[in-house]
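Q: Please construct the entire structure, taking both the sequences and the accompanying hints into account.
Protein chains in written order, with this note's numbering: chain A, 1 to 363; chain B, 364 to 667.
Derived from the structure by calculation, the hints contain no laboratory data. Just so you know, not all the hints are guaranteed correct.
Claimed, not checked - As a list, the in silico BS3-like pairs of lysine-lysine whose alpha-carbon atoms are at most 27 Å apart:
1) A:109 - A:132
2) A:117 - A:106
3) A:346 - A:278
4) A:109 - B:569
5) A:226 - A:278
6) A:226 - A:269
7) A:75 - B:569
8) A:132 - B:569
9) A:254 - A:346
10) A:132 - A:103
11) A:226 - B:569
12) B:569 - A:134
13) A:169 - A:103
14) B:569 - A:106
15) A:134 - A:109
16) A:117 - A:103
17) A:132 - A:75
18) A:184 - A:169
Claimed, not checked - Facing chain B, from chain A, some residues (calculated, C-beta under 10 Å):
19) 53
20) 92
21) 148
C-beta: ideal position from N, C-alpha, C; glycine also.
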Amino acid sequence: MATVTYTQATRIYPGTERPAVDHLDLEIGDGEFLVLVGPSGCGKSTSLRMLAGLEDVDEGSIHIDNRDVTHLPPKARDIAMVFQNYALYPHMTVYENMAFALKLRKTSKAEIDRRVKEAAGLLQLEEYLGRKPKALSGGQRQRVAMGRAIVREPQVFLMDEPLSNLDAKLRVQTRTQIASLQAKLGITTVYVTHDQIEAMTMGHRVAVMLDGVLQQVDTPRALYDKPSNVFVAGFIGSPAMNIKTVSLTDGGAKFIDMIVPLTREEVEKARANGGGDKVTIGFRPEDCDLVGPTEGGLPVVVELVEDLGSDANVYGHAALDGVSERFVVRTDRRHMPNMGDTVFVKPRADHNHAFHAATGERI
Amino acid sequence: MANDRHGRYRFLAGAILPALALYAVFVLSPYAQAFYLSLTDWTGVSGQVQFVGLDNFTRLVRDPLFLAALRNNGLMLVVVPVVTIALGLLLAALVTFGGRRGSAIRGASSYQTAYFFPQLLSLPIIALLWQFVYHPNDGLLNGFLRAVGLDALARTWLGDPHLALWAVMAVLVWSSVGFYMVLFAASMSAIPTEIIEAAVLDGAGKLATLWRIVLPLLRDSVQVAFVYLGVLALDAFAVVQVMTAGPGGPDNATEVIGLGLYRNAFTYSRFGYAAAMGVALFFLTLTLAVLALRAGRRERVELA
Chain A
1 MATVTYTQAT RIYPGTERPA VDHLDLEIGD GEFLVLVGPS GCGKSTSLRM LAGLEDVDEG
61 SIHIDNRDVT HLPPKARDIA MVFQNYALYP HMTVYENMAF ALKLRKTSKA EIDRRVKEAA
121 GLLQLEEYLG RKPKALSGGQ RQRVAMGRAI VREPQVFLMD EPLSNLDAKL RVQTRTQIAS
181 LQAKLGITTV YVTHDQIEAM TMGHRVAVML DGVLQQVDTP RALYDKPSNV FVAGFIGSPA
241 MNIKTVSLTD GGAKFIDMIV PLTREEVEKA RANGGGDKVT IGFRPEDCDL VGPTEGGLPV
301 VVELVEDLGS DANVYGHAAL DGVSERFVVR TDRRHMPNMG DTVFVKPRAD HNHAFHAATG
361 ERI
Chain B
364 MANDRHGRYR FLAGAILPAL ALYAVFVLSP YAQAFYLSLT DWTGVSGQVQ FVGLDNFTRL
424 VRDPLFLAAL RNNGLMLVVV PVVTIALGLL LAALVTFGGR RGSAIRGASS YQTAYFFPQL
484 LSLPIIALLW QFVYHPNDGL LNGFLRAVGL DALARTWLGD PHLALWAVMA VLVWSSVGFY
544 MVLFAASMSA IPTEIIEAAV LDGAGKLATL WRIVLPLLRD SVQVAFVYLG VLALDAFAVV
604 QVMTAGPGGP DNATEVIGLG LYRNAFTYSR FGYAAAMGVA LFFLTLTLAV LALRAGRRER
664 VELA
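A: What follows is the structure, given as structure tokens:
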């Protein structure tokens, strides 16, 4: 049981100028499941490896509980890690793989046996204890990697994209298994993924990173409802939010004839700091309706309709200030338009997000 | 379909048969000839060949020089592969994992080049060089020992019956360690870094990682190295011939099978007897290879 604190932690790879991780401040509570998410190259894995001790910390510090581990070797940190390719020892059986760390710590044979059997039971690996990794399926290998971490009873679990080598169906299944396992064990966990759905479904809190900089850290709900900048708004949610920079009027943002209303305060904020007479507006595909031609919606020409069974995604374009812009709307299956139709899209009131046109910060 | 298959067999036969023919003429037939000669008293020059049965072999097992050679080759067979492989593994591990956090050290490839260098020299030249190094008065080794005040350790390295064989073995190890280091380093860098990192996180120190993770994953390379070095240790003819007094001396301390074979054939014109030695050596080498490859024939380890 432990808390993890990054304080201004920075990693600059030798020979590069831009930090891979740039002054990261992050506090992870005891027993919390925190997910680091972002596009590839955003520094999420590096942040994790810094905590593991596999990567140097060039500036700032990292604490586990109140112990400064910044410059401690990995084995002094009491952490266990699950790798993307599992990194099982190919010459050892499943049992030996799980027992390895305990054996090195000179744990008694009986204790090792008890803990390995317990973890194997938890992960349904009992029948495979005598097998070598090459005789296991991908999902089984993944569970062995989990088991190897669990038997250690470490202070912190680190997981580096542990599901990305599994097929889609198994991934969904394993996702819930890992989440419930973590809840049962109550061990502080830092989980890295590039998949925002994994992040949203598994994490107690989610930290979104871009270019080595932490963008926002919050609960999945808050991240979805109140993204703090344009990047987070576009990254979280699928299909992605419609985000357009349009002209600002006193009453709101102007989409051709449709006005997305903004309060006077919002308009003032949008105009400050070089915002000029532009504002960036976002609304989610699921937060708008298709309305009649006279009800003040934005006319969108339909290019593609994705029938998902339960509902449908409508892709189309509209000319904003002479530039063709793409829009996505999620709609009821009963009102599915056809290709080439013109539909009228109206965002629901109070469900739109306004961002500063120059800084991208939420207004 | 059948035609297609027919054409393929013809192609395969065309590719294999010439090679097989060459192999038969230049490899198999000399072997057969040697086996035959070992049962005769051929002198190598005369046209007269008399069949003597197993006489050559019964003489062989009572020949004190051959037995001395057998003992010396036996000792080399134990020492040379073990020391070379141990040093090669150690150097390869230092180069591959010796850096911070188990990464390669800086300038890894220049170390490899330096250690590989002896491999570029032919064995007689190496032997000649080391003869100079071992020279009791002007040699580099004694000169160095005297320069650092260790006069008491200076020896007549190749003149002392207790030291000569060890001096020869040191040369064999020196000349081959670089090659095996490069071989092992290549196998080591094929191990996924995550496996090493996982071991580090599991609390394994450098030695534990080397011994319990890296070494088992290198088993195939080590096994092959054992066979090659075993063959080298059973031979050792060139180094002994060039470097030692006699050669084979002092007091037969560096006598090896190859040396006896050479002497019997070309000095004493006992080709039949020499062929018997060759046959004995052939079976020794074959046994070694089979044993070494059998010893590790468990299921293969695959890197995921």
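Q: Please list, smallest to largest, the hint numbers that this structure does not respect.
A: Structure breaks hints 11 and 13.
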